[in-house]
Amino acid sequence: MRISRKPTGAKFFELFTEIGANIGGGVELLREFVQAPEADRVELAARMHALENAADDATHAIIEHLDRSFVTPFDREDIYRLAARLDDVVDHMDAAVDLATLYRVGELPGGVAVQADLLCRAAQLTAAAMPRLAEPQELTAYWVEVNQIENEADQVYRRLLSELFNGERDALEVMKLKDVVDQLEAAADAFEHVANAVHSIAVKEA
Amino acid sequence: MRISRKPTGAKFFELFTEIGANIGGGVELLREFVQAPEADRVELAARMHALENAADDATHAIIEHLDRSFVTPFDREDIYRLAARLDDVVDHMDAAVDLATLYRVGELPGGVAVQADLLCRAAQLTAAAMPRLAEPQELTAYWVEVNQIENEADQVYRRLLSELFNGERDALEVMKLKDVVDQLEAAADAFEHVANAVHSIAVKEA
Amino acid sequence: MRISRKPTGAKFFELFTEIGANIGGGVELLREFVQAPEADRVELAARMHALENAADDATHAIIEHLDRSFVTPFDREDIYRLAARLDDVVDHMDAAVDLATLYRVGELPGGVAVQADLLCRAAQLTAAAMPRLAEPQELTAYWVEVNQIENEADQVYRRLLSELFNGERDALEVMKLKDVVDQLEAAADAFEHVANAVHSIAVKEA
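In order, the protein sequences belong to chains H, X and D.
333 is the number that our numbering gives to position 25 of the first sequence; each next residue is one higher, with no gaps.
356 is the number that our numbering gives to position 48 of the second sequence; each next residue is one higher, with no gaps.
369 is the number that our numbering gives to position 61 of the third sequence; each next residue is one higher, with no gaps.
Any given hint could turn out to be false.
Computed beta-carbon distance windows for the label pairs [what the hints assert, rightly or not]:
# : chain 1 : residue 1 : chain 2 : residue 2 : range
1 : H       : 365       : D       : 375       : 38 to 46 Å
2 : D       : 375       : H       : 396       : 29 to 37 Å
3 : X       : 418       : H       : 379       : 53 to 61 Å
4 : H       : 348       : X       : 376       : 22 to 30 Å
Derived coverage of chain X by chain H (criterion: at least 3 residues anywhere in the stretch with Cβ under 8 Å from a Cβ of chain H; other residues may be distant) [unchecked claim]:
# : segment
5 : 338 to 346
6 : 365 to 375
7 : 382 to 393
8 : 475 to 483
Which residues of chain H face chain D? A partial, calculated answer using Cβ under 8 Å [said to hold, decoys possible]:
#  : residue
9  : 385
10 : 410
11 : 483
FYI, nobody ran anything at the bench for these hints, they're computed from the structure.
Glycine included, C-beta positions come from ideal geometry on N, C-alpha and C.
Throw the hints in and build the complete structure from the sequences for me.
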């Protein structure tokens with residue numbers, strides 16, 4: 309019989325669940341941003357930034373709790389890494405929204421909405437995985453699916469690049485849009501890194 | 309007398325050796341691509357992509373074997389990291405070839421062939437090191453040489469950038485070529501990260 | 309009573325202190341470069357490159373000492389990681405200076421001097437922290453401040469991007485300046501990663 313990890317880890321699992329929910333909120337905001345008229349972007353970007361600050365606070369709370377905990381459900385460095393990788397997801401979404409606003413990029417290519425949809429699927433899987441961290445071995449399906457989504461996101465990203473460079477846009481416009489699209493691609497990669505951090509915990513516990 | 313690591317690690321060393329050979333194949337394909345007429349690029353890129361899929365499968369096999377192994381030749385997380393870093397090498401070579409095809413970049417600057425040659429040397433050293441992972445302390449020369457190659461690659465990369473920006477190309481063409489050249493530079497960095505992962509194992513075993 | 313970490317770690321703390329001082333020198337050179345007339349850039353870039361070589365040697369000395377040490381003040385991999393992250397800082401400053409020289413970028417936007425000033429503050433905090441690594445728990449203020457500086461650097465970076473793309477520069481010039489500015493932003497991130505590596509050691513020791 310396995311010894312349950314729940315008692316010692318309850319507070320950690322709670323904090324990770326909170327970050328998972330934060331990320332879910334961030335992705336919804338991102339989808340709204342992508343569809344919104346330009347006039348609404350400044351306000352939506354401000355809301356994303358507030359959410360990024362909240363995610364920073366939650367990450368900080370995990371690290372503080374780590375400082376104070378004598379017993380931890382996993383290796384300290386794995387908790388640390390998972391928190392850092394989750395933070396990366398929000399950072400990239402915030403950067404995408406911020407750059408799109410700063411650069412006044414005008415209408416976004418249709419592929420950006422597809423990127424946002426894929427991030428949404430990854431966020432839902434991640435948010436659902438966080439409350440189940442006590443049994444990391446049972447999260448194999450989550451890890452596999454997020455990896456598949458990242459592969460899909462790669463395809464969408466490459467098609468977007470191809471479209472950006474098709475000669476219809478001038479170079480400065482391409483550079484601006486590419487910065488936005490690159491941040492969303494980095495967010496998809498970051499979801500994969502979160503899943504890898506979870507999987508790496510599962511491998512250690514095997 | 310040191311206890312041999314071979315019995316417990318045989319399957320791992322076999323799988324890492326297979327990935328090393330894969331990378332060797334990828335680098336050969338890259339050199340062929342760089343020299344090939346544009347008409348052949350789509351087919352060569354498809355072959356690179358098949359090889360990248362094979363590398364993914366081999367990485368997956370290592371992680372599955374890790375899940376099932378009670379005793380491992382090194383720390384689980386080191387095996388995991390080494391597999392991930394090897395995967396990065398193939399990913400960057402695949403991205404370089406894919407972007408060059410997607411962007412229809414035309415003739416590649418001469419420095420790209422030099423980048424491919426340096427990657428080839430790094431790949432040969434890496435492929436030769438993988439079957440010898442059981443004695444990581446004896447791989448110091450490998451680590452030092454890959455670091456030197458990465459330094460050379462840096463120089464070649466900077467000269468290439470200087471050539472790209474010399475005013476003979478328009479901005480969109482520069483952006484496309486820079487994306488390709490950046491991926492090859494990232495592949496050289498990735499070989500260094502592989503060597504660092506091996507060295508980090510050796511340091512722990514010291 | 310905690311057992312002092314000083315006797316076993318003396319040589320490591322000495323080497324990290326040396327690297328901290330190196331970084332301080334690098335940042336001074338960077339500020340000089342940013343203010344210097346274009347005619348002086350080649351020579352200043354050569355001095356930065358010499359300093360980067362010295363930093364490589366110091367990193368190598370740490371790793372060699374790690375190879376030879378039976379007892380280490382922290383986990384071997386944490387010493388390794390901290391050395392690697394410190395090396396990244398110098399690499400990014402060297403790349404910024406090298407690219408600015410290579411590209412003959414002309415006058416740098418005013419925000420670049422602000423980037424250099426922020427790097428200077430991060431370097432001073434880092435140099436002051438290195439001799440105190442024996443008590444990582446007392447470096448919380450250092451970690452918090454470097455994180456704040458990185459946030460400020462992010463703001464400065466975004467404003468710089470906005471200025472670069474305001475339509476007064478042609479696309480090739482924007483690309484060149486963006487490469488330089490990106491490397492300085494990466495240096496600020498690298499200081500944060502150094503602080504995170506220190507914090508991660510402190511968390512483990514808690």
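Hint check:
1. H:365 / D:375: 38 to 46 Å: holds, 41 Å
2. D:375 / H:396: 29 to 37 Å: holds, 32 Å
3. X:418 / H:379: 53 to 61 Å: holds, 60 Å
4. H:348 / X:376: 22 to 30 Å: violated, 52 Å
5. 338 to 346: violated (count 0)
6. 365 to 375: holds (count 3)
7. 382 to 393: holds (count 4)
8. 475 to 483: That given contact holds, which follows from 4 residues of the segment 475 to 483 of chain X lying within Cβ reach (below 8 Å) of chain H.
9. 385: holds, 6 Å
10. 410: holds, 5 Å
11. 483: holds, 7 Å
Hints 4, 5 from the earlier list are contradicted by this structure; the remaining hints agree with it.
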